[in-house]
Amino acid sequence: KAGVTQTPRYLIKTRGQQVTLSCSPISGHRSVSWYQQTPGQGLQFLFEYFSETQRNKGNFPGRFSGRQFSNSRSEMNVSTLELGDSALYLCASSPNRGRGGGGYTFGSGTRLTVV
Amino acid sequence: GQQVMQIPQYQHVQEGEDFTTYCNSSTTLSNIQWYKQRPGGHPVFLIQLVKSGEVKKQKRLTFQFGEAKKNSSLHITATQTTDVGTYFCAGLSSGNTGKLIFGQGTTLQVKP
Chain W
1 KAGVTQTPRY LIKTRGQQVT LSCSPISGHR SVSWYQQTPG QGLQFLFEYF SETQRNKGNF
61 PGRFSGRQFS NSRSEMNVST LELGDSALYL CASSPNRGRG GGGYTFGSGT RLTVV
Chain Z
1001 GQQVMQIPQY QHVQEGEDFT TYCNSSTTLS NIQWYKQRPG GHPVFLIQLV KSGEVKKQKR
1061 LTFQFGEAKK NSSLHITATQ TTDVGTYFCA GLSSGNTGKL IFGQGTTLQV KP
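Line by line, the protein sequences are chains W and Z.
Each residue of the first sequence is one higher than the one before, starting from 1 at the first, in the numbering used here.
Each residue of the second sequence is one higher than the one before, starting from 1001 at the first, in the numbering used here.
Think of the hints as simulated: they come from the structure by calculation, not from any bench.
These figures come from a predicted structure and were not determined experimentally.
Hints should not be assumed to be uniformly reliable.
One side only, chain W facing chain Z, incomplete, derived with CB under 8 Å [to be verified]:
no., residue
1, Thr38
2, Leu43
3, Gly98
All residues carry an ideal CB built from backbone N, CA and C; glycine is no exception.
Using the sequences and the hints given, assemble the complete structure.
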């Protein structure tokens, strides 16, 4: 079966711009979580969506937002980009919000560079 | 909020030596998961532990979940160069389904 698909793979943006990243989970998975990965901070939890509703949110400013559609695809948006937003953004899907035996399946990520 | 601490941050071993990484949560967990991320790759799920005191093995890898469900460890016996990568533990809080918090990871280098 197809894995988690994230688009685009690479992105270069200028400070002050906004960006939208997309994630298509594994078919049948209704939970989608987003993480920011940087060398110094590891994997930081951004938010989790389940059945089109944001269920959990990490400690990120309001410039970071997201949504989930009825087909479970998810997008995250970052407005007014800052240099510090440069990171690998990873999306992970799960059939049952992390419970059960299968864990999370990650996409390959979107590498965002802010210049 | 919930925090997951992982040590050591880096470990360099000679091929054939053993390796252990430790994970500690500030809150009781409903389960703990382990992931491996190869250089340039994305995290890949290895295993999930649910029960207090649980021990699971995958070939040369042994995973343990503490009695209090707040700590865990991953032990690799006789490391190989294919074990190179960063190992993350990730905890799912018992009070909050769906918020999987990752430790900082342990990066393993194996010298042939």
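**OP:** Verify the interface restraint on Thr38 (chain W): the C-beta must sit less than 8 Å from at least one C-beta of chain Z.
**Re:** 11 Å, violated
**OP:** Report holds or violated for the interface hint on Leu43 (chain W), using the least CB-CB distance to chain Z and a cut-off of 8 Å.
**Re:** With a closest approach of 4 Å, the Leu43 (chain W) hint holds.
Subject >> Agreement of hint Gly98 (chain W) with chain Z interface, Cβ distance less than 8 Å >> reply: Check passed: Cβ of Gly98 (chain W) comes within 5 Å of chain Z, closer than 8 Å.
Violation of the numbered hints given earlier is confined to hint 1; every other hint is satisfied by the structure.
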